[in-house]
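Enquirer: Residue-level listing of the chains:
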Amino acid sequence: MAIGRVTQNMMVRQSLSAIETNASRLAQSQEQLSTGRRLNRPSDSPGDTIAAMRVRGEQAALAQHTRNAEDGMGWLNQLDGALSSITSQVRRARDLALQGANEGMSSASAREALAVEVDQLRESLIATANSQYLGRPVFGGITAGASAYDASGAWVGQAGAVNRTIGNGVSIAVNVNGPDVFGVDGASLFDELESLSNSLRAGDTAGIQTSITELNTRQDAIITTQAGVGIRAKRVEQVLTDATSSDLSLTSRLSDLEDADLIKAAIDVKLQEVAYQSALATSARVLSNSLLDYLR
Amino acid sequence: MAGTFGSFGIAMSGLRYSQVAIDVASNNVSNVGTEGYVRRRVVGESVASDANPGLWSRGTGIGDGVQVGGVNRMVDQLLDVRARKEHGTQSALNASLEIMNRIEAGLGEPGDKGINAALADFRASWQNLSNNPGNAAAREQVLASANTLVDTVRQQGSHLSSEESAVRQRLLVDVGEVNTLAADLAATNRSIAAAKLAGVEAGTLLDQRDRLAMSLSELTGGTATIRPDGGFDFAVGGVNLVTGRDAGTLDMVTGVNPDGTGDGNPVTFQITTSAGVTPLAGVAGSIGSQADAVDRVIPNYRAGLNDVITTLANEINTRHQGGFDLAGNPGGALFSFNPADPVGSLAVAITDGSLVAASSIAGGGLDGGNADLLATTSTVETSYQRLVAVFGTEVASAKRLAGNQAVLTAQIDNTRESLSGVSIDEEMVNLMAAQRSYEAASRVITTLDSVLDTLINRTGLVR
Numbered sequence: 001m002a003i004g005r006v007t008q009n010m011m012v013r014q015s016l017s018a019i020e021t022n023a024s025r026l027a028q029s030q031e032q033l034s035t036g037r038r039l040n041r042p043s044d045s046p047g048d049t050i051a052a053m054r055v056r057g058e059q060a061a062l063a064q065h066t067r068n069a070e071d072g073m074g075w076l077n078q079l080d081g082a083l084s085s086i087t088s089q090v091r092r093a094r095d096l097a098l099q100g101a102n103e104g105m106s107s108a109s110a111r112e113a114l115a116v117e118v119d120q121l122r123e124s125l126i127a128t129a130n131s132q133y134l135g136r137p138v139f140g141g142i143t144a145g146a147s148a149y150d151a152s153g154a155w156v157g158q159a160g161a162v163n164r165t166i167g168n169g170v171s172i173a174v175n176v177n178g179p180d181v182f183g184v185d186g187a188s189l190f191d192e193l194e195s196l197s198n199s200l201r202a203g204d205t206a207g208i209q210t211s212i213t214e215l216n217t218r219q220d221a222i223i224t225t226q227a228g229v230g231i232r233a234k235r236v237e238q239v240l241t242d243a244t245s246s247d248l249s250l251t252s253r254l255s256d257l258e259d260a261d262l263i264k265a266a267i268d269v270k271l272q273e274v275a276y277q278s279a280l281a282t283s284a285r286v287l288s289n290s291l292l293d294y295l296r
Numbered sequence: 001m002a003g004t005f006g007s008f009g010i011a012m013s014g015l016r017y018s019q020v021a022i023d024v025a026s027n028n029v030s031n032v033g034t035e036g037y038v039r040r041r042v043v044g045e046s047v048a049s050d051a052n053p054g055l056w057s058r059g060t061g062i063g064d065g066v067q068v069g070g071v072n073r074m075v076d077q078l079l080d081v082r083a084r085k086e087h088g089t090q091s092a093l094n095a096s097l098e099i100m101n102r103i104e105a106g107l108g109e110p111g112d113k114g115i116n117a118a119l120a121d122f123r124a125s126w127q128n129l130s131n132n133p134g135n136a137a138a139r140e141q142v143l144a145s146a147n148t149l150v151d152t153v154r155q156q157g158s159h160l161s162s163e164e165s166a167v168r169q170r171l172l173v174d175v176g177e178v179n180t181l182a183a184d185l186a187a188t189n190r191s192i193a194a195a196k197l198a199g200v201e202a203g204t205l206l207d208q209r210d211r212l213a214m215s216l217s218e219l220t221g222g223t224a225t226i227r228p229d230g231g232f233d234f235a236v237g238g239v240n241l242v243t244g245r246d247a248g249t250l251d252m253v254t255g256v257n258p259d260g261t262g263d264g265n266p267v268t269f270q271i272t273t274s275a276g277v278t279p280l281a282g283v284a285g286s287i288g289s290q291a292d293a294v295d296r297v298i299p300n301y302r303a304g305l306n307d308v309i310t311t312l313a314n315e316i317n318t319r320h321q322g323g324f325d326l327a328g329n330p331g332g333a334l335f336s337f338n339p340a341d342p343v344g345s346l347a348v349a350i351t352d353g354s355l356v357a358a359s360s361i362a363g364g365g366l367d368g369g370n371a372d373l374l375a376t377t378s379t380v381e382t383s384y385q386r387l388v389a390v391f392g393t394e395v396a397s398a399k400r401l402a403g404n405q406a407v408l409t410a411q412i413d414n415t416r417e418s419l420s421g422v423s424i425d426e427e428m429v430n431l432m433a434a435q436r437s438y439e440a441a442s443r444v445i446t447t448l449d450s451v452l453d454t455l456i457n458r459t460g461l462v463r
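If you read the protein sequences in the order shown, they are chains A and B. Under the UniProt record's numbering, the first residue of the first sequence carries the number 1, and numbering increases by one thereafter. Under the UniProt record's numbering, the first residue of the second sequence carries the number 1, and numbering increases by one thereafter.
With the rest of the complex left out, here is chain A (with noise of 0.2 Å):
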């Protein structure tokens, strides 16, 4: 700019608006340093502002997941132990069918025996099956009510499966049908107990046999459905892993969007404090000075 005549005016403004460009640059760096964040409004970056919305949209969404992951855990773990227990029950129950083949002959009093303890196993069964979690019967499907079987072994609950979502479009079930593991009522675990208990006590030798057969091919679908429980909750237990370092990195990398880099804005807040002061101290020097100090 080619400018032959300087005003005291154009001094004056320029050094204005010198004072106020380093003012706006030190308060705006300074908004970066006391916010801490670098995107403020969304004129700051357009596209960073998308990327950090889906970001914190992504990092809520896996902070659900994680949330359902950790309360189908809990649903798997209570089907675990319901599920060995019941294992453990049966087998019992098979001992005491094989004692009752092998002393099939012996005295009434002693299968009467065998026979009381196949129906107290049957209870605590059934009392198993009715396994809740958070008040939820595990066995009942997506029944409302409190339990899954009633006091006859019949079952009450609603088949239905009781998903988790737990990653984006993937959703576990973690319950189980009480029918895919006891049986359909007529031909259940409970139906077989109490013929087994019947034969027992008549001293029915071939339906001991068939009892025996039945709770060996029983205790094989239990041990199956168990399996097929543990490989869900490995499932389950690898998203809550994998979900820690997921939002570490979902973490810095909003960070990476949104902060200020601190050392950075500490830095620019200091240089622009140097111009704003050296705008300040030529303006003072410069506009103090006219013709006026030197004449008489």
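Calculated directly from the structure, the hints in this document are not laboratory data. Keep in mind that the hints are not guaranteed to be accurate.
Stretch-level coverage of chain A by chain B, calculated; a stretch enters the list once three of its residues show a Cβ under 8 Å from a Cβ in chain B [said to hold, decoys possible]:
{"#": "1", "stretch": "8–18"}
{"#": "2", "stretch": "47–53"}
{"#": "3", "stretch": "67–76"}
{"#": "4", "stretch": "137–144"}
Straight-line Cα separation of at most 30 Å, BS3-like style, residue types lysine-lysine; simulated pairs [what the hints assert, rightly or not]:
{"#": "5", "chain 1": "B", "residue 1": "K399", "chain 2": "A", "residue 2": "K264"}
{"#": "6", "chain 1": "A", "residue 1": "K270", "chain 2": "B", "residue 2": "K399"}
{"#": "7", "chain 1": "B", "residue 1": "K399", "chain 2": "B", "residue 2": "K196"}
{"#": "8", "chain 1": "B", "residue 1": "K113", "chain 2": "A", "residue 2": "K264"}
{"#": "9", "chain 1": "B", "residue 1": "K113", "chain 2": "B", "residue 2": "K196"}
{"#": "10", "chain 1": "B", "residue 1": "K85", "chain 2": "B", "residue 2": "K399"}
Glycine included, every Cβ here is placed at the ideal spot set by N, Cα and C.
Go by the hints and put chain B onto chain A.
Expert: Chain B only, in chain A's frame:
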């Protein structure tokens, strides 16, 4: 020689001229801070005794002293035209940037208070319900977060509306100011013409004329053309608002009612003069930007938000109606809204938590399948994010444009100041020069006095 006392006249003209020069310098110094003041410069011209040689003229060719040729205003009309144009553009850019900045601040994005965050909370509450479909608290939480979402949306909508009505009020005020300025300019034009006829120096009036034209340009982006009588004609969008001593009025025909409410139409202007009514297109300046904001910027953003909210409400309602509530009955609509104004009328239609349709299986039961579906994010999130990002880009671009224009405007202003501004140093020098020439002229008079003393009192005396 013109006569015995002729030389006194020459010296006298020097004294008079120096006095005018001192007055001009002192006036310049006094007005150093006056806005729109243009420095004056005195022009001296020598007085020739034989300017018109005639038969009986007795000119000596020496000259008869000095006279004031005129007091010039140091302006460049072309530079002034340029300055008015750049100031008009600058104030238009500043006005739209100011409006957009306020809208942007009302979005609350990115952060944990905006619609995006409320939407994420809403989704999370569905997921919680999906985990505990029988839990009454989880059902209430879904309704509470839906209400929070509605409040956030309506708050953003009301920010837009209040900004819109503030801009409309501003338009009314600014149009009123244009009419006042136009009337002032016409009055100034009349005074200038009268001063010209009377042969009076009209410098102050010209300063005022330039100042009024600058303000009008900033408001309307119009152009001023100089008239033969020294006044300005001022045209907005190619139509004369001020012609000589006649001022027309600028009116808003549609868009804004006199009470500041909108009438649903785009803002249009007209100019009424004694020649008739002319509709206007192409009003620029800050008024143009404000009209653009209420016609385009704010409605566009609102339309985008309306689209997002309509999609959200329809999608959630469809999903919700596909599910079953706690009693096993089909779900109803979760959100209600008026399709003509989704943002302003969005509301939660359900108040009873047991009516929240979490289950995807009819006939009761604690299924959470539908809640899980409702918790799944969709295109709503991405389209809202896009809306915000696009607006952010517009604000960033407006900032850049205004910044670039500010550099240009400052440069033009500096060039103008360089020509028209008062420099105290220069005035001091002029003042001292005038002082010295005054002293010199009075010394001439002293010399003449002593010369005449010799002639009158001593000639012919013999000591």
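Enquirer: B/K399 and A/K264: Cα distance at most 30 Å?
Expert: Distance of about 24 Å is within 30 Å: holds.
Enquirer: Need the status of pair B/K113, B/K196: alpha-carbon distance at most 30 Å?
Expert: violated, 65 Å
Enquirer: If you count the residues of the stretch 47–53 of chain A with a beta-carbon closer than 8 Å to a beta-carbon of chain B, do you get 3 or more?
Expert: Holds, because 5 residues of the stretch 47–53 of chain A bring their Cβ atoms closer than 8 Å to Cβ atoms of chain B.
Enquirer: Given as covered by chain B, does the stretch 137–144 of chain A meet the bar of three residues or more with CB within less than 8 Å?
Expert: holds (count 4)
Enquirer: Against chain B, does the stretch 67–76 of chain A show at least 3 residues with beta-carbon separation below 8 Å?
Expert: Satisfied; 3 residues make the cut.
Enquirer: With a cut-off of 30 Å on the C-alpha distance, tell me whether A/K270 and B/K399 pass.
Expert: holds, 25 Å
Enquirer: Mind checking the alpha carbons of B/K85 and B/K399 for me, to see if they're no more than 30 Å apart?
Expert: holds, 19 Å
Enquirer: Run the distance test for B/K113 versus A/K264: straight-line Cα separation, threshold 30 Å.
Expert: With Cα atoms ~28 Å apart, B/K113 and A/K264 stay inside 30 Å; holds.
Enquirer: Can you take a look at whether the stretch 8–18 of chain A is actually covered by chain B? Rule is 3+ residues, C-beta closer than 8 Å.
Expert: That given contact holds, which follows from 6 residues of the stretch 8–18 of chain A lying within Cβ reach (below 8 Å) of chain B.
Enquirer: Under the criterion that the straight-line Cα-Cα distance not exceed 30 Å, is the pair B/K399, B/K196 satisfied?
Expert: This hinted pair is violated, its Cα atoms lying about 45 Å apart.
Comparing the model with each earlier hint shows violations of hints 7, 9; every other hint is respected.
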